[in-house]
Amino acid sequence: MVKMESFFFMAALLSTGLSVLFYLWQVAALRWHRAVLVAGAASDAASTVPAAGYRPWGSGRFAAMMAVNGLLFLSLSIIGRGVATGHGPFSNMYEFSVALAWGVIAATLYFQWHYRTAAVSAVAMPVALAFLVYAYTLPSRPLPLVPALQQSLLLTLHVAVAMIAYGVFAIGFGSAVLYLAQRRGSIPWLPSPAVLDDMGYRSVIIGFPFMTLVLLLGALWADVAWGRYWSWDPKETSTLVTWLLYGGYVHARVLRGWRGSRSAVLLILGFAAVVFTYMGNYFFSGLHAYK
Amino acid sequence: MEGKTLTTEGAKTAAARRSAGLARQWARPIRRLFRSAWRVCGSVRVTVVLILVLIGLSLVGTLLIQVPGEVAADRAEYAWWLQNVVRPKLGLFTTPLAFLGFFDVFHSLWFLGAGALLMASIMVCSINRWKALRSALDGSRVKLADGFYEGGSSRAQFSDLAMSAHEAEGVTRGVLARRRYRVRREGGADGFWIAADKNRHFRLGTYLHHGSIVLFVLGFLVGSYFGFRSQSFMVPEGSVREVGYGSGLSLELESFVDEYWPEGPPKDFRSQVILYENGAEVKRGVLRVNHPMSYNGVRFYQSFFGQAAVLEVRDSSGKLLFNDGVALGWLSGQEPYKRPTGMFSVPVTGLTAYVVGPAKGYSDPMVQPGQVLMEVYSGSSKPVAVGALQQGVPKKMAGLEFTFVRERQFSGFQVSRDPGNALIWTASSLFVLGVGMVFYFPHQQIWVRGWTEPGKGTRLRVRTASGRQVATAREFETLVEDLDRELARAVKKV
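Here the protein sequences line up with chains A and B, keeping their order.
In this text, residue positions in the first sequence follow our numbering: the first is 1, and each later residue adds one.
In this text, residue positions in the second sequence follow our numbering: the first is 1, and each later residue adds one.
Honestly, the hints are just simulated from the structure, not real lab data.
There's no promise every hint is true.
[Unchecked claim] Here are some of the chain A residues that sit facing chain B, going by a computed Cβ distance under 10 Å:
| id | residue |
| --- | --- |
| 1 | Ala64 |
| 2 | Leu143 |
| 3 | Thr212 |
| 4 | Arg228 |
| 5 | Pro234 |
| 6 | His251 |
| 7 | Gly280 |
From a predicted model like this one, the values you see are computed outputs, not experimental measurements.
Heads up, the beta-carbon is just placed ideally off N, CA and C, and yes, glycines get one too.
Based on the sequences and whatever the hints tell you, model everything.
In structure tokens:
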């Protein structure tokens, strides 16, 4: 089973890598296409909008197919490992990185389908690839669980909701990055600023409740395992900070009408906090140090 | 007599008047102060600043070394900790950082102050929000000026419909009702007006999750003031220890087992225990990590374990003074020789004895395996006797006979009573419920104006609330599709 699992992982890594290549290739193609458009516009001053029938990002089918492949293989890898070890992907950084990559790819595909644009995918998929490459460098041998981690149900739920929340926040990050590039609407081959802004907001609307569950399930487990629901453990604290940042985003948007660049910056900060929290095990010891 | 009464009455009224004047004099500044405090607390900007302050302080608490709880409680120990643990790392920064309370950020004035202000601000904002919320619950006006229907974050228009305004209204109401909108209408000679909304009650979720934050804090406070928590309750195998904190409970450890996976990491820690209340057995069972034991609100958690030594002490006449296990529960000595150490007081004699085991992982020049080192103190910081005890061999020290009977293990528990716990989990549930309500059931509002244009047919204008909302845009899109289809069908029928 473990051997199968590593085969699935490699297949997923390859698919994701190819998917990223296709996405980047598409970006290059679109830029080139724009150059053609602009040249065309010089002769025909009437059209600076893409010609009819031209679907920006519509041709990214390969990229999306590869991403779907990656998701399938990752799912198989996670399930296979789950069957072999008898628990969810929470016992070490390798498992958690794979789970995170799964979340990012799933969110990417959902948003691409929902908004019919692959622009944000071109930013989010490299994030997924980064998690996978990082997982590749980590020892993947499943280790038996120390007593505190022998709480399969709560921990699997805890990681599952983290997977969704972080995956969706990666989309928020991607759309925020593109928003900042596109804030004047000057790049014709990217979605309009309003759509990017919308995607960012939607990512938080989906992700924030899940982020809340990450905190609460973690606290519930801590209460069962250690008898205290909160101990200001560094990873707890930085998860709380992440949660506060996204909470701040929601409040700033709903109550103060923050839109555009300012909320895009918040989304980028929020995702930086996600990555910091995820890498946190290396900066500080504590209950989440997997030791 | 009467006059006198009058004067006292007069004096009374004068005093009352004076105090009333004083109250009047103070009322205005107090009211003004209250009003500006209210304004400050109700400001979103202040709230955002408070959250940023809390984030900043949390980062400090995450990145900067924090004092352990037991050390923080004792001034002298804290000073020692600063000097010996922090100063070697942070040098000159130690004093100013300590002055700011940054080594115990989560109990510092800054953190508690910002937290308290945030609570106040959440409450004030919630109260301020009630007005807008109530009008949303009541529903907006139905009949609005024509210009209104050209606004909104999304809008649509149907024109030249070959049907009467009345028929168009029927179709529209049908579509809205099927989508479970509450429909309110007004009609007249010049057409109809509809104001429809759904999910309005879900907006009350905002009180659930904001209120739950206050409950969280309350639960935390109740827990810390009316509960207790012992992080290091140690019981050697075969011994009974009182829990304390007025609980009347004591715990006996019959045996402790630590099991390991073939690969090395720990697999299981098990303590077989008996719980007594005022000396009578009330419960027995196995305590494991993730499987705490609970009795009358007091919960026991398997936490750590270590070496223990069973010791016997007799006086010169051979009378047994002490026969019990001693948990070697903390480490003493310099690196690399960190030795497990414990202590006990010898009854009657007023002596205190420290028991030191051999350092783990090194061949220890001071304490050999199978030995413990005894240091006996009588008040002063200089031991009155020091000596190594070989297992099973009695040794005379300080006029007494000490025997290291055998080696055992101790089990360390976390014991806590947290009456705030129920509040915390209630708050958690309310929070999830509230966030779910507000995020996944967004309040939708739709306004429709329809009228017949002479010679042209009926025209409909539809709009949403202003403020671009993702969910609104999507809901509106499908609503308009429905409306389009139904209107077309109705036209065909006509």
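Inset, instruction - Would you check whether Ala64 of chain A satisfies its interface hint, that is, whether its CB is within less than 10 Å of any CB in chain B? - result: violated, 22 Å
Legend entry - chain B contact restraint for His251 of chain A - C-beta distance below 10 Å: holds, 7 Å
Inset, instruction - Double-check Thr212 of chain A for me: the hint is only fine if its C-beta lies closer than 10 Å to a C-beta in chain B. - result: holds, 6 Å
Inset, instruction - Under 10 Å, Cβ to Cβ, is where Pro234 of chain A needs to be relative to chain B, so tell me if that hint holds or is violated. - result: holds, 5 Å
Legend entry - Supplied contact hint for Arg228 of chain A, tested at 10 Å Cβ to chain B: Check passed: Cβ of Arg228 of chain A comes within 7 Å of chain B, closer than 10 Å.
Legend entry - Per-residue hint verdict: Gly280 of chain A, partner chain B, C-beta under 10 Å: holds, 8 Å
Inset, instruction - With chain B as the partner, please determine if Leu143 of chain A meets the hint condition of a C-beta pair closer than 10 Å. - result: With a minimum Cβ separation of about 6 Å from chain B (threshold 10 Å), the hint on Leu143 of chain A holds.
Comparing the model with each earlier hint shows a violation of hint 1 alone; every other hint is respected.
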